[in-house]
Structures are given as C-alpha cells and as structure tokens.
Amino acid sequence: MKNLTSGKPLKQILVFAVPLFIGQLFQLFYSLVDTRIVGETLGETSLAAVGATTTLSDMLTGLLNGFTNGSAIIVASCFGAGDEKNMKKAAGGTVVLGTGAAVLISILCLAFLSPILRILHIDAEILAESKSYISVILAGLLAAAFYNVCAAILRAVGDSLTPLLFLIFASFLNIFLDYMFILHLHMGVAGAAYATVVSQAGSALLCFCYMRRKYPQLALRKEDVRLSKAVVKKLLPTGLSMGFMVSFVSLGTLALQTSINTFGTNIIVAHTAARKATSIFMLPFSVLGATLATYCGQNLGAGKYERIKTGIRDTVLLTFGWCTLVILAAYTLSPQLIGAITASREKEIVDTASLYLRVNTAFYFVPAVICLFRNSMQGFGDNKTPVFSSALELIGKIAVAFFLAPVIGYMGIIVAEPIVWFIMVIPLVVNMKRSPVMKK
Numbered sequence: 062m063k064n065l066t067s068g069k070p071l072k073q074i075l076v077f078a079v080p081l082f083i084g085q086l087f088q089l090f091y092s093l094v095d096t097r098i099v100g101e102t103l104g105e106t107s108l109a110a111v112g113a114t115t116t117l118s119d120m121l122t123g124l125l126n127g128f129t130n131g132s133a134i135i136v137a138s139c140f141g142a143g144d145e146k147n148m149k150k151a152a153g154g155t156v157v158l159g160t161g162a163a164v165l166i167s168i169l170c171l172a173f174l175s176p177i178l179r180i181l182h183i184d185a186e187i188l189a190e191s192k193s194y195i196s197v198i199l200a201g202l203l204a205a206a207f208y209n210v211c212a213a214i215l216r217a218v219g220d221s222l223t224p225l226l227f228l229i230f231a232s233f234l235n236i237f238l239d240y241m242f243i244l245h246l247h248m249g250v251a252g253a254a255y256a257t258v259v260s261q262a263g264s265a266l267l268c269f270c271y272m273r274r275k276y277p278q279l280a281l282r283k284e285d286v287r288l289s290k291a292v293v294k295k296l297l298p299t300g301l302s303m304g305f306m307v308s309f310v311s312l313g314t315l316a317l318q319t320s321i322n323t324f325g326t327n328i329i330v331a332h333t334a335a336r337k338a339t340s341i342f343m344l345p346f347s348v349l350g351a352t353l354a355t356y357c358g359q360n361l362g363a364g365k366y367e368r369i370k371t372g373i374r375d376t377v378l379l380t381f382g383w384c385t386l387v388i389l390a391a392y393t394l395s396p397q398l399i400g401a402i403t404a405s406r407e408k409e410i411v412d413t414a415s416l417y418l419r420v421n422t423a424f425y426f427v428p429a430v431i432c433l434f435r436n437s438m439q440g441f442g443d444n445k446t447p448v449f450s451s452a453l454e455l456i457g458k459i460a461v462a463f464f465l466a467p468v469i470g471y472m473g474i475i476v477a478e479p480i481v482w483f484i485m486v487i488p489l490v491v492n493m494k495r496s497p498v499m500k501k
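Under the working numbering, residue 501 is the last one in the sequence shown; the count climbs by one each step, no gaps.
Mixed in with the good hints there might be a few duds.
Claimed, not checked - Straight-line C-alpha distance at most 30 angstroms; calculated BS3-like pairs for lysine-lysine:
{"no.": "1", "residue 1": "K445", "residue 2": "K275"}
{"no.": "2", "residue 1": "K494", "residue 2": "K295"}
{"no.": "3", "residue 1": "K146", "residue 2": "K295"}
{"no.": "4", "residue 1": "K149", "residue 2": "K494"}
{"no.": "5", "residue 1": "K494", "residue 2": "K294"}
{"no.": "6", "residue 1": "K72", "residue 2": "K408"}
{"no.": "7", "residue 1": "K445", "residue 2": "K494"}
{"no.": "8", "residue 1": "K294", "residue 2": "K275"}
Hints are computed from structural coordinates only; laboratory data are not their basis.
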C-alpha cells in the first residue's frame with residue numbers, strides 16, 4: 062500500500078502513475094496487436110467489421126471502468142483517513158455493484174444486439190463478422206469488469222504495480238491466443254474476441270487471489286460485501302458520476318461512428334487506425350487523470366488541500382510538455398504509424414488517418430486540461446461538473462453526426478472534437494477556480 066498524502070506531490074504522482082502508464086500501454090499494445098493480426102490475416106473487410114463495433118465495446122467497458130474507479134475514490138478517501146472498517150465496506154460494495162452492473166449490461170445488450178447494430182448503420186458487407194465479434198465481447202464483459210474492480214481497489218490504496226503485472230500477463234496471453242484462435246483454429250474475427258475475453262478473465266482471477274493474500278485489509282468478509290443503504294449512498298454518487306462521465310464521452314464517439322460507418326470500408330479502417338493512434342497519444346492524459354483521482358481522494362481524506370492544488374498544477378504543466386512532443390510526432394510520423402497499425406498500403410486509408418491526427422493533435426492542450434480537471438474534481442468530491450462537461454461533449458458530437466458530417470463528409474468528423482473540446486473545457490476551468498477545495 063502506498064500513501065500519497067506525504068512527500069513531494071509531483072514525485073508521488075509520477076511514482077504512482079508510471080506502473081499505471083505501462084499497464085495502459087500494454088492494454089493498448091494488445092489492442093493494436095488484435096488490429097494488426099486481423100488486418101494482416103483476415104483482410105481489411107474483417108478489420109472494418111471489428112472497427113465498426115469497437116466504439117460500442119469501448120463505451121460499455123468505459124462505463125464499467127468509470128463506475129468502479131469512481132467507487133474506488135471512496136476507498137481511497139477512507140484509506141487516506143485511516144478508516145479501515147469503512148474502507149473494507151467500500152471495497153466490498155465496489156465489487157458487488159461493479160460486477161452486478163456488468164452482468165446486467167451484458168444481458169441487455171445481447172438481447173437487443175440486432176437493433177443496436179442497425180442504429181450503428183453497419184454495412185451489410187461486414188454485418189455478420191461485426192455481430193460475431195461484438196457478441197463475444199459483450200458476453201465476456203464480466204471478466205473485464207472483475208479485473209477493473211480489483212485493479213481499482215488496489216490503486217485506491219496506492220498499489221499501482223500489481224495491476225500492471227497481471228495486465229502484462231494478459232497482454233502476452235492475448236497475443237498467443239490471437240494467433241491460436243485466428244491462424245490455427247480459423248475462428249475468424251470471433252477468435253480475436255475470445256482471445257481478449259479469456260486473457261481478461263485470467264488476469265482478473267490472478268488479481269483477485271493476490272489481493273486477498275497480500276493485503277489482509279482487503280480480504281473481504283460476508284458482511285463487507287453485504288450492501289447497506291449507507292454504503293450504496295456513498296458509492297453511487299461518485300461511481301455513477303465517473304461512469305456517466307466516461308460513457309457520455311464514448312456515446313459521443315459512438316454517435317460519430319454511426320456517420321463514419323456510412324462512408325465506406327476505407328474510411329472505417331482509416332478512422333479505426335487514427336483512433337488507435339489517438340489512444341496512444343492521449344494515454345498520459347488518462348493515466349495522470351486516474352492518478353489524480355486517487356491522489357485527490359487520499360489527500361481529501363487527510364484534509365491536505367494545499368497538496369491537492371500543487372499536485373494538479375504540476376501535473377498540468379507536465380502534460381503540456383507531452384502535448385508538444387505529440388504534435389511534432391503527428392506531423393512527421395503519422396503515415397508510418399498508420400501503416401504499422403493497419404498493415405495497409407492503401408493511400409486513402411493512410412492519408413485520411415494522417416489528416417485526422419495532424420488536425421486533432423494541434424489542439425491537445427485542451428483535452429489534457431479536460432482530462433486532468435474532471436478526474437481531479439471527481440477525486441475531491443465535485444461529481445456534477447465533470448458530468449455536465451461530458452454531456453456537452455455528447456451533445457456536440459451528436460450535432461456533428463446529424464448535421465455537419467452529412468454536409469462536408471469525413472472532414473466534419475475530423476473537426477468535431479477540437480470544436481467540442483473548447484466548449485466542454487469552459488465549465489471545468491470556471492468551477493475549478495470556484496471550488497472550495499482550491500480556495501482552501
């Protein structure tokens with residue numbers, strides 16, 4: 062366990078964030094390997110089939126991940142305050158609510174999968190493969206949710222290294238299973254989905270067993286996983302707030318995907334590749350944001366408000382340096398990066414994806430602030446402003462999907478995010494300055 066309430070703020074944040082960053086990098090890595098193997102072995106049509114539904118799976122896993130990370134903020138706050146009894150109750154409640162939500166979402170999505178795919182405007186050419194891929198992912202949501210629950214609880218008490226180790230294990234297992242299911246068992250795109258679910262289940266089981274043995278404080282008993290009104294009342298506001306925050310972002314991206322799916326296979330592949338590259342470029346934003354949520358939660362519990370302010374300020378300056386490097390990389394290496402991701406030499410795919418990256422990265426300073434501020438606010442108890450900001454993003458992207466993209470085509474998708482970023486950052490900056498925690 063690691064206490065983030067003492068020592069130099071930025072140093073403590075970085076020490077905590079580095080394992081989290083490496084873990085997210087490995088998660089992205091095996092996602093990229095999925096993309097590469099599918100594109101290389103099954104062709105661009107199959108890659109488009111996976112890409113057409115990836116946004117849906119990202120939205121659902123993001124909702125569950127956001128909910129568990131939000132609930133774990135209460136665990137972090139209790140840990141910072143030295144309240145072991147309520148920490149265990151919060152951890153038990155996070156397990157029950159997180160896994161229960163995953164089962165419910167799986168059942169509902171599988172029951173209504175055909176209407177969902179119609180809403181996504183998936184072309185008939187790729188519909189069968191898209192359905193076979195996303196069905197497996199949806200059926201395996203519990204595995205992803207259980208790993209995220211265990212990892213979120215461990216990070217809440219300062220252990221960001223253990224989830225990394227099990228995620229590395231899952232990454233290599235996923236690559237091995239990709240080749241086995243796709244190349245040797247000839248399972249097609251469904252094989253890539255099975256590889257993902259099985260590797261997530263393995264890492265979840267290992268993480269849970271380790272948590273019980275290593276940390277007696279987190280060895281949950283029956284009374285700890287028995288939900289009470291008091292526990293639910295504490296967990297739901299932060300859990301739902303962060304869950305809705307993440308899902309609004311993903312819903313907006315899903316709205317854009319409905320337009321993208323009407324532009325043809327090459328554009329779908331180009332956008333899929335550009336979004337994979339974007340995930341790499343924006344990784345430090347999400348990692349440092351998640352770190353600040355835990356950091357602010359622990360320091361709020363300890364009553365150390367000045368440390369919260371200092372930590373946020375130093376982290377923002379650090380991410381601005383990263384943004385500068387990303388802009389340089391986007392303008393010099395985009396074609397090579399897109400080619401490496403897709404294994405495609407199709408000029409339209411490479412040029413379209415490169416244009417997306419060059420336009421978007423020029424404005425990365427704004428989403429850096431957005432990500433850090435809204436996670437920090439969740440950490441010190443402001444559950445409303447981050448959700449409102451994310452709702453603005455959802456509304457903006459829906460407007461683009463219905464009004465701008467049909468008029469100017471894929472360029473409407475490219476310019477959508479920078480426009481929306483400038484709108485949604487406003488309430489975050491205003492309310493950050495007004496926050497009682499910042500004033501203290």
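Consistency of the hints with the structure:
| no. | hint | in the structure |
| --- | --- | --- |
| 1 | K445 with K275 | violated (36 angstroms) |
| 2 | K494 with K295 | holds (25 angstroms) |
| 3 | K146 with K295 | holds (14 angstroms) |
| 4 | K149 with K494 | violated (34 angstroms) |
| 5 | K494 with K294 | holds (28 angstroms) |
| 6 | K72 with K408 | violated (44 angstroms) |
| 7 | K445 with K494 | holds (15 angstroms) |
| 8 | K294 with K275 | holds (29 angstroms) |
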